[in-house]
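Chains as they are written, first to last, in this note's numbering: chain A, 11 to 309; chain B, 16 to 299.
Hint data in this document are derived by calculation from the structure and do not stem from the laboratory. Quick reminder that beta carbons are idealized off the backbone N, C-alpha and C, glycines included. Take these hints with a grain of salt, some might be off.
[Claimed, not checked] Computed beta-carbon distance windows for the label pairs:
#, chain 1, residue 1, chain 2, residue 2, range
1, A, K106, B, L120, 24 to 30 Å
2, A, A58, B, I49, 35 to 41 Å
3, B, R136, A, L68, 34 to 40 Å
4, B, H32, A, V220, 25 to 31 Å
5, A, V55, B, L120, 19 to 25 Å
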Amino acid sequence: MDAAIKNSAIKSLPPGQLALLHDAYAATLRAKRWRFLFGALALVVCGALAATAAEIDLSKFFANIGRFPNYLKQLIPALSLATLPADLAEWFWGWKVWGKQLFETLLIAYLGTVVGAIGGFLLCFHASANVAQTRIGRVAARRVLEFCRTVPEIVFALIFVIAFGLGPMPGVLALAIHTVGTLGKQFAEAVENIDLAPVEGLTAAGATWVETMRFAAFPQVAPNFASYALMRFEMNVRGAAIMGFVGAGGIGQELLTAVRKFYYSDISAMLIMIIATVMLIDMATERLRHSLISGERQA
Amino acid sequence: MTMQSPFGDLDGVRQRHRDALLAGNSDRLRELSIACGMLVLAGIALWQLEFSFVRIWDGLGRLGEFARLMLPPAYGAEARLMIYLKALAETLGIAFLGTLCAAVLAFPLAFLAARNVTTSRIMRFCTRRFFDTIRGVDTLIWALIWINVVGLGPFAGALAIMTSDFGAFGKLFSEAIETSDQRPVEGVVAAGGGAPHAVRFGVLPQVLPLIASQVLYYFESNTRSATIIGIVGAGGIGLHLSEQIRTLEWPTVSFLILLILVTVALIDWISSRLRTAIIGKRAL
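Whenever a hint applies, use it, and build me the whole structure from the sequences.
What follows is the structure in structure tokens.
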């Protein structure tokens with residue numbers, strides 16, 4: 011190294027200082043490497059612990075992994091070009107029933123989102139730090155929202171199925187409660203970021219709290235609210251598709267039966283319908299959200 | 016002469032500024048019609064899904080009774096507690112391992128889906144649709160499929176979480192790679208580095224912290240998913256939870272829900288600490 015520096019045309023630092031710099035650099039690098047090694051080691055130890063807890067048996071995995079491609083292969087029925095329409099008709103033989111249930115799934119997601127958004131809307135102003143009326147109300151609203159979003163929706167669905175009976179109704183209620191929790195939190199965060207000047211203006215003019223929220227806070231956050239609600243609708247469509255697993259309506263029930271009874275082509279037909287619907291909804295809501303956001307920018 | 020109040024001549028103001036005052040009306044009409052449409056759709060949904068107030072009222076009554084029975088939470092015998100704690104450990108194991116494996120598998124493939132690394136349009140399109148398809152299938156459905164392959168138990172759960180997260184990570188990672196700054200890459204290339212060098216020294220240092228924080232975030236949310244994956248028989252505490260709900264053991268149900276809430280809160284806290292340590296106070 012020294013020779014290279016001496017011979018180079020670039021003016022070098024005095025040797026002592028250079029050595030000092032070099033040592034400092036090496037020390038920093040060494041510390042970084044140690045930190046990395048330590049992190050990697052911690053990760054491996056955690057992974058090993060997790061593997062023991064989750065009863066990972068790699069020999070079983072490798073013995074059975076051949077069944078996964080087999081399973082996937084069986085999912086796709088025999089299609090030949092000559093008889094393609096007939097084959098497709100046979101594959102999607104139940105499309106009327108499945109389509110109806112998919113429609114029900116969409117309605118569950120829609121209703122769950124609307125009810126949940128209304129609940130989240132009512133709670134969010136109480137939960138945000140800048141406009142909440144009382145401290146106790148704020149803490150209470152936050153705890154309620156936290157509870158609603160931490161308990162998985164399918165657990166609510168399990169309980170509601172027992173309380174309300176089988177059918178789409180418990181599914182809607184379960185999704186709605188979960189949506190209250192998630193949307194309420196996002197709404198509250200949006201409200202916390204508003205400009206407080208209009209709020210002060212209205213308060214000074216003698217408006218009540220409700221009027222202040224309606225005319226000062228709401229106009230600032232309305233596009234955000236709509237965008238969050240649309241995003242939540244997307245997720246709820248996915249959530250509603252599995253509500254049937256516990257008997258809470260939608261296409262999940264049929265899918266569960268098909269999987270349990272190894273009706274391979276039915277599984278793939280339903281999955282294709284679900285995936286296509288989810289993708290379509292995703293695309294449509296993304297469009298809507300973009301137009302909302304650009305509309306806000308123009309205004 | 017005293018100045019006249021601008022509102023004294025209200026009709027005059029209306030006359031002169033008609034356009035300005037009417038401007039908001041079309042917007043308002045549009046908003047109103049959207050709201051009406053949504054309400055009508057909600058009405059149709061209520062009718063199609065056979066909602067009835069009698070059922071809701073009866074159900075609420077039963078729900079109130081359940082809530083009363085849930086207090087105080089109890090776990091029964093000491094042996095049951097050990098079983099539940101073991102199931103909880105299993106849940107955490109499923110979430111951790113599933114997330115980790117998904118991240119490790121998705122990481123190299125994400126580069127194939129990133130516009131600034133992969134130039135082949137077809138390759139990019141294929142990897143993206145691949146990720147989308149995997150993502151379109153819910154974790155619980157993946158769990159059902161994996162159960163058919165490796166049998167009932169937590170292993171199927173870990174594989175299910177791995178699979179569904181693989182799709183999500185592929186998308187997130189490739190987006191992180193795409194939004195990375197190109198200048199370090201150009202610098203490495205200008206200094207004579209090849210493509211692997213450009214990725215290792217130009218892209219990786221930028222995206223690793225972001226990716227690490229996303230993985231942590233997913234670990235949090237997977238802790239939640241792993242608690243329910245047992246409902247279909249893929250291990251973890253969900254199995255016990257659904258069993259206790261079905262046999263109407265309400266005190267145990269509330270105990271298990273509390274256990275889950277506390278665990279999730281703890282994991283959230285740890286992971287948010289780790290996240291701030293990795294990327295600082297910056298938002299994701």
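Supplied distance hint 24 to 30 Å, evaluated on CB atoms of A:K106 and B:L120: 39 Å, violated
Taking the beta carbons of B:H32 and A:V220, is their distance inside 25 to 31 Å? About 29 Å separates the Cβ atoms of B:H32 and A:V220, which means 25 to 31 Å holds.
Go ahead and decide if the range 19 to 25 Å is satisfied by the Cβ distance of A:V55 to B:L120. 21 Å, holds
Does the Cβ distance between B:R136 and A:L68 fall inside 34 to 40 Å? 38 Å, holds
Tell me if the beta carbons of A:A58 and B:I49 are separated by a distance inside 35 to 41 Å. Since the Cβ atoms of A:A58 and B:I49 sit about 55 Å apart, the hinted range of 35 to 41 Å is violated.
Hint violations for this structure: numbers 1, 2, all remaining hints satisfied.
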